[in-house]
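Enquirer: Sequence:
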Amino acid sequence: MISHENKIIFIHIPKCAGSSIEYYFGTKPFNWKIPNYKNLTGWCPKRKIHLHHATAKQLLELDLIDEKIWKEYTKFTIVRNPWARAVSDYLWMLKDTGIHDSFKKFILKEGKFKHILNDSENMNYRGDHLIPQLDFISINNKIVIDNILKFENIKNEYPLFLKKVGLTTKPLPHDKKGKKFFSHYSHFYTNDERALIRQNYASDIKLFNYHYNDKRNELNYLEQIKINIYKHFLKLI
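The numbers in my numbering rise by one with no breaks, and the one at position 129 of the sequence shown is 129.
It should be emphasised that the hints constitute simulated quantities derived from the structure, not laboratory data.
The C-beta atom is built at its ideal place from N, Cα and C for all residues, glycine as well.
Incorrect hints may have been included.
As the list claims (entries may be wrong) - Calculated pairs, DSBU-like style, for lysine-lysine (alpha carbon to alpha carbon, straight line, at most 35 Å):
hint, residue 1, residue 2
1, K170, K142
2, K68, K215
3, K150, K46
4, K155, K28
5, K38, K163
6, K109, K170
7, K46, K33
What the hints assert, rightly or not - Restraint-style ranges between C-beta atoms, simulated for each label pair:
hint, residue 1, residue 2, range
8, K109, V144, 22 to 28 Å
9, P173, G111, 33 to 39 Å
10, W92, F25, 17 to 23 Å
11, G111, E218, 29 to 35 Å
Construct the complete structure from the given sequences, taking the supplied hints into account.
Expert: Written as structure tokens, this is what we have:
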């Protein structure tokens with residue numbers, strides 16, 4: 001997303017409060033099926049990417065932003081704990097696509113999710129949601145943006161960022177906030193699923209200093225059964 005009025009480039013990593021940022025800068029709502037080359041939102045049929053989820057490398061190499069603007073504008077992103085992000089993305093994907101399969105199949109891009117997470121030529125492609133966060137903001141393993149905020153501390157960090165770049169400070173709108181069946185992301189994980197996320201997002205975990213905070217032992221037996229039934233139900237509906 002780009003705001004020429006504010007000279008801001010926002011690298012929107014999926015499920016990291018990006019929609020709220022787009023609302024703040026007035027680039028949302030938008031029709032994701034129609035490309036908007038001014039604000040860089042929507043599906044680009046020529047380049048076969050969702051412009052609002054373009055990586056820094058794509059923005060430059062696909063001539064979506066020229067070097068002069070890239071150097072002149074302030075560039076920022078928001079990152080998130082990979083374990084929390086994956087659960088949030090999975091639950092969003094179930095609702096958005098109507099596809100239902102296990103969380104593990106989602107992580108592995110297999111089963112009923114195989115086509116939508118692998119066919120990057122298709123407008124309905126959602127595999128960009130599973131790209132490591134580092135890949136969004138780096139070129140040749142070098143970070144190329146100016147500011148990295150953390151989702152977990154966004155209420156404090158975002159106003160400070162706005163003040164830093166001389167923009168009006170106001171509460172960040174919270175888009176897509178839904179009711180959760182569980183109170184902590186770790187309640188959703190098996191040990192195998194936990195290990196898969198660690199493997200797939202090792203670079204994010206190391207660079208952004210994230211940890212798996214296991215709170216499963218705080219659940220009582222009946223609560224764990226309820227979550228297991230819920231996960232099984234998600235595969236079937």
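Enquirer: Could you grab the alpha-carbon distance between K46 and K33 and see if it respects the 35 Å cut-off?
Expert: Cα-Cα ~13 Å, so holds.
Enquirer: For a C-alpha distance cap of 35 Å, please report whether K68 and K215 respect it.
Expert: 47 Å, violated
Enquirer: Please verify whether K38 and K163 have alpha carbons no more than 35 Å apart.
Expert: 25 Å, holds
Enquirer: Taking 29 to 35 Å as the hint, is the beta-carbon distance of G111 and E218 inside that range?
Expert: 31 Å, holds
Enquirer: Below or equal to 35 Å on CA atoms is what counts here, so check K170 against K142.
Expert: Since the Cα atoms of K170 and K142 sit roughly 32 Å apart, the hinted pair holds (cutoff 35 Å).
Enquirer: Sort out whether K170 lies within 35 Å of K109, counting only the CA atoms.
Expert: 38 Å, violated
Enquirer: Could you grab the alpha-carbon distance between K150 and K46 and see if it respects the 35 Å cut-off?
Expert: 33 Å, holds
Enquirer: Taking only the CA atoms, is the gap from K155 to K28 under or equal to 35 Å?
Expert: Satisfied, since the Cα-Cα distance of roughly 20 Å is no more than 35 Å.
Enquirer: Looking only at beta-carbon atoms, does the pair K109, V144 fall within the given range of 22 to 28 Å?
Expert: About 27 Å separates the Cβ atoms of K109 and V144, which means 22 to 28 Å holds.
Enquirer: Is the hinted range of 33 to 39 Å satisfied by the C-beta distance from P173 to G111?
Expert: 35 Å, holds
Enquirer: With 17 to 23 Å as the target window, see if W92 and F25 comply at their CB atoms.
Expert: For F25 against W92, whose Cβ atoms are near 21 Å apart, the range 17 to 23 Å holds.
Violated hints, listed in ascending order, are 2 and 6; each of the other numbered hints is respected by the structure.
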